[in-house]
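Q: Take 1 as the starting number for the sequence shown in full-length UniProt numbering and just add one per residue.
Any given hint might turn out to be false.
Stated by the list, open to error - Derived CB-CB ranges, DEER-like: (1) Ala271 with Gln205: 29 to 37 Å; (2) Pro53 with Thr245: 38 to 46 Å; (3) Thr256 with Gly206: 25 to 33 Å; (4) Gly111 with Ala59: 22 to 30 Å.
Claimed, not checked - The list that follows gives simulated cross-link-like pairs (lysine-lysine, DSS-like), each with its CA atoms no further than 30 Å apart: (5) Lys2 with Lys198; (6) Lys100 with Lys162; (7) Lys100 with Lys2; (8) Lys100 with Lys198; (9) Lys198 with Lys162.
These are calculated hints, taken from the structure and not from any lab test.
By construction, the Cβ of each residue, glycine as well, lies at the ideal position given by its N, Cα and C atoms.
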Amino acid sequence: MKYGIQLPIQSQSTLYAEPWEAAAGPEDLLAIARAADRAGFSYVASCDHVAIPRRLASAMSTIWYDPVATLAFLAAATERVRLLSHVAVVGLRHPLLTAKQYATLDHLSGGRLVLGVGAGHVEEEFSALGVDFAHRGAVLDECMDALRAALGPEEFPEHHGKLYDFEGLGQLPRPAQEHVPLWVGGSSPAAVRRAALKGDGWLPQGDPRDRLPQQIARIRELREQAGRQGPFTIGAIAEPLYIGTPSWHVGRRTLTGAPAELAESLRAYRAMGVDQIQVRFRSRNRDELIDQIAAFGADVGSQL
1 MKYGIQLPIQ
11 SQSTLYAEPW
21 EAAAGPEDLL
31 AIARAADRAG
41 FSYVASCDHV
51 AIPRRLASAM
61 STIWYDPVAT
71 LAFLAAATER
81 VRLLSHVAVV
91 GLRHPLLTAK
101 QYATLDHLSG
111 GRLVLGVGAG
121 HVEEEFSALG
131 VDFAHRGAVL
141 DECMDALRAA
151 LGPEEFPEHH
161 GKLYDFEGLG
171 QLPRPAQEHV
181 PLWVGGSSPA
191 AVRRAALKGD
201 GWLPQGDPRD
211 RLPQQIARIR
221 ELREQAGRQG
231 PFTIGAIAEP
241 LYIGTPSWHV
251 GRRTLTGAPA
261 ELAESLRAYR
271 AMGVDQIQVR
281 FRSRNRDELI
291 DQIAAFGADV
301 GSQL
């Protein structure tokens with residue numbers, strides 16, 4: 001079972017950001033991404049919001065780095081770790097624009113992109129950009145079809161749909177990968193169906209352990225019914241972690257203990273059929289987080 005991390009600093013919702021992140025910056029983000037690369041993490045991830053309305057700013061904050069710029073910045077400073085958008089709200093942009101940005105990122109990084117996509121949930125973002133919020137699921141469905149074409153091998157991709165229509169427009173460079181993986185985020189019935197039928201993987205929205213098996217079973221059922229074959233990556237977001245015995249209050253939901261204990265707990269995800277887990281560590285500063293990342297890679301990840 002592989003493991004990745006949603007990077008701190010680049011998004012600072014009050015639901016998960018640590019206090020020290022507010023004063024952190026690019027050098028801290030860079031050091032953390034390099035630590036994950038060294039520790040054998042499968043991917044580092046960055047979120048996507050264009051602008052946060054005032055009504056949500058107190059909870060979500062307005063700190064949301066652009067994922068393409070962030071992942072490109074980190075690509076140049078890392079060697080093997082994959083670069084995941086978790087998730088890009090691709091319906092906010094024309095698919096040719098999205099394809100140009102992410103194809104360039106994949107080309108520059110030597111084929112390390114995983115394009116995670118989602119429908120989005122902030123209505124004001126859609127309104128400001130002139131995109132239909134009420135039908136954002138249908139917009140995402142067609143965006144994914146258009147992106148399949150625009151991120152494929154053809155220099156002049158072609159797509160003819162209800163919302164987007166293009167042909168005869170060349171885009172170089174092409175992605176380094178022959179097939180850019182599209183992982184679908186979200187845990188609603190529509191998102192699960194979209195992942196099963198259109199995606200190469202599923203990124204749940206924090207489903208608890210007791211709900212994951214039925215979601216995974218539903219994905220497998222939908223894929224079997226549709227005759228979908230080929231690789232498919234099932235993801236999960238683990239509980240917050242702290243390796244060792246903390247000397248400070250890390251929250252009641254946080255899993256703590258020796259590496260072997262944490263590995264045993266996390267292997268339950270693999271038993272459910274999960275292929276990769278996204279982990280998050282409690283920390284009081286950058287150095288503590290880097291220590292936790294290193295300890296996980298050395299002592300926990302090898303037991304998964």
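Q: Evaluate the given range 25 to 33 Å for the C-beta pair formed by Thr256 and Gly206.
A: Violated: the Cβ-Cβ distance is about 19 Å, outside 25 to 33 Å.
Q: If you draw a straight line from the CA of Lys100 to the CA of Lys2, is it 30 Å or shorter?
A: 29 Å, holds
Q: Next pair to validate is Lys2 with Lys198; report whether the Cα-Cα distance is within 30 Å.
A: Between Lys2 and Lys198 the Cα gap is close to 22 Å, so the pair holds against 30 Å.
Q: For the pair Ala271 and Gln205, does the Cβ-Cβ distance stay inside 29 to 37 Å?
A: Between Ala271 and Gln205, where Cβ atoms are some 21 Å apart, the hint is violated.
Q: Take a quick look at whether Lys100 and Lys198 sit within 30 Å of each other, Cα to Cα.
A: 21 Å, holds
Q: Given the hinted pair Lys198 and Lys162, is their alpha-carbon gap at most 30 Å?
A: Between Lys198 and Lys162 the Cα gap is close to 17 Å, so the pair holds against 30 Å.
Q: Tell me if the beta carbons of Pro53 and Thr245 are separated by a distance inside 38 to 46 Å.
A: Hint holds: Cβ distance 42 Å, inside 38 to 46 Å.
Q: Tell me if the beta carbons of Gly111 and Ala59 are separated by a distance inside 22 to 30 Å.
A: Violated, since Gly111 and Ala59 (Cβ atoms, about 37 Å apart) do not stay within the stated range.
Q: Would you check the hint for Lys100 and Lys162, treating anything up to 30 Å between C-alpha atoms as holding?
A: With a Cα-Cα distance of about 21 Å, the restraint between Lys100 and Lys162 holds, given a limit of 30 Å.
In terms of the numbered hints stated before, the structure departs from hints 1, 3, 4, listed from lowest to highest.
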